[in-house]
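Here the protein sequences line up with chains A and B, keeping their order. When the letters of the first sequence are read in order and numbered with the numbering used here, they come out as residues 1 to 112. When the letters of the second sequence are read in order and numbered with the numbering used here, they come out as residues 113 to 227.
Note that these hints are calculated values from the structure, not bench results. The structure displayed is predicted, hence computed values, not measured ones. All C-beta atoms in this analysis are idealised placements derived from N, C-alpha and C, irrespective of residue type, glycine included. The reader is advised that the hints may include incorrect statements.
Partial list, derived from the structure: chain B residues whose beta carbon lies under 10 Å from chain A [said to hold, decoys possible]:
| hint | residue |
| --- | --- |
| 1 | 114 |
| 2 | 174 |
| 3 | 200 |
| 4 | 201 |
| 5 | 203 |
| 6 | 207 |
| 7 | 217 |
| 8 | 219 |
Label pairs and their computed distance ranges (CB to CB) [as the list claims (entries may be wrong)]:
| hint | chain 1 | residue 1 | chain 2 | residue 2 | range |
| --- | --- | --- | --- | --- | --- |
| 9 | A | 103 | B | 192 | 41 to 49 Å |
| 10 | A | 72 | B | 125 | 37 to 45 Å |
| 11 | B | 152 | A | 21 | 35 to 43 Å |
If you want the building blocks of each chain, they are given just below.
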Amino acid sequence: DAKTTQPPSMDCAEGRAANLPCNHSTISGNEYVYWYRQIHSQGPQYIIHGLKNNETNEMASLIITEDRKSSTLILPHATLRDTAVYYCIVRVAGGSQGNLIFGKGTKLSVKP
Amino acid sequence: GAVVSQHPSRVICKSGTSVKIECRSLDFQATTMFWYRQFPKQSLMLMATSNEGSKATYEQGVEKDKFLINHASLTLSTLTVTSAHPEDSSFYICSARVLASGTQYFGPGTRLLVL
Numbered sequence: 001d002a003k004t005t006q007p008p009s010m011d012c013a014e015g016r017a018a019n020l021p022c023n024h025s026t027i028s029g030n031e032y033v034y035w036y037r038q039i040h041s042q043g044p045q046y047i048i049h050g051l052k053n054n055e056t057n058e059m060a061s062l063i064i065t066e067d068r069k070s071s072t073l074i075l076p077h078a079t080l081r082d083t084a085v086y087y088c089i090v091r092v093a094g095g096s097q098g099n100l101i102f103g104k105g106t107k108l109s110v111k112p
Numbered sequence: 113g114a115v116v117s118q119h120p121s122r123v124i125c126k127s128g129t130s131v132k133i134e135c136r137s138l139d140f141q142a143t144t145m146f147w148y149r150q151f152p153k154q155s156l157m158l159m160a161t162s163n164e165g166s167k168a169t170y171e172q173g174v175e176k177d178k179f180l181i182n183h184a185s186l187t188l189s190t191l192t193v194t195s196a197h198p199e200d201s202s203f204y205i206c207s208a209r210v211l212a213s214g215t216q217y218f219g220p221g222t223r224l225l226v227l
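With the hints as constraints, model all of the structure from the sequences given.
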């Protein structure tokens, strides 16, 4: 699976949008971008995934650049409970192809 | 999203004993489950991939005779840490994959402390 690069840490003010970047310049045409987050001492939580179109769900929005070499996860109104490590992972979706390999992620701290 | 449970959530055992951890997919069938381990302040490390009805595939450096994995049904996989030692103390997390979408959902984790 392709590697991703994320900033090690970011701060965000409560109530503001949190924009978490991810670079995946070697992504293959059939690889999706997945985002998970891990709150301290819990298992990772699935957030969203996409191939090339922007995606939105009740948790977040995913913006993928046209060349697919980078993406941004957007939490529109960050709360203190959004403080977590956010992981951007690329892998082939569907069926039985590819495993989720976790990098170091971005530690997001939402401050009051 | 799909729900994955783990049991127990926390276990303390003596060195040399074996510990079994259960992972269940509660509202979907999972032909493939995964076991990860996470040491303090580190990221998750994939230990093995568990396929229902067949032998697990272990990542390089993970001892298959020490970490026994059984995936006997479409909703249950177990990880047994045999002859546990203090260095096996860690946070063990399972994950189950939804076949149609390929999305993986994670359990809440099991914290193992070996004394």
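Hints, one by one, checked against the model:
Hint status for residue 114(B): holds, given a least beta-carbon distance of 8 Å to chain A, under 10 Å. With a least beta-carbon distance of about 13 Å to chain A, the hint placing residue 174(B) at the interface is violated under the 10 Å criterion. The beta carbon of residue 200(B) is not positioned within 10 Å of any beta carbon in chain A (closest approach about 18 Å), and the interface hint is therefore violated. Below 10 Å, beta-carbon pairs count as interface contacts, and residue 201(B) has none with chain A, the closest being about 14 Å; its hint is therefore violated.
For residue 203(B), the interface hint holds, since its Cβ comes within 10 Å of a Cβ in chain A; the closest pair sits about 8 Å apart. Among the interface hints, the one on residue 207(B) holds; its C-beta lies about 7 Å from the nearest C-beta in chain A, closer than the 10 Å criterion. Among the interface hints, the one on residue 217(B) holds; its C-beta lies about 6 Å from the nearest C-beta in chain A, closer than the 10 Å criterion. Checking residue 219(B) against chain A: minimum C-beta separation of about 5 Å stays under 10 Å; hint holds.
Against the hinted window of 41 to 49 Å, the Cβ-Cβ separation of residue 103(A) and residue 192(B) comes to about 29 Å, which falls outside the hint. The given range of 37 to 45 Å is respected by residue 72(A) and residue 125(B), whose C-beta atoms sit roughly 44 Å from each other. Take residue 152(B) and residue 21(A): their Cβ atoms lie about 26 Å apart, and the range 35 to 43 Å is violated.
The structure fails to meet hints 2, 3, 4, 9, 11 from the earlier list, while all remaining hints are met.
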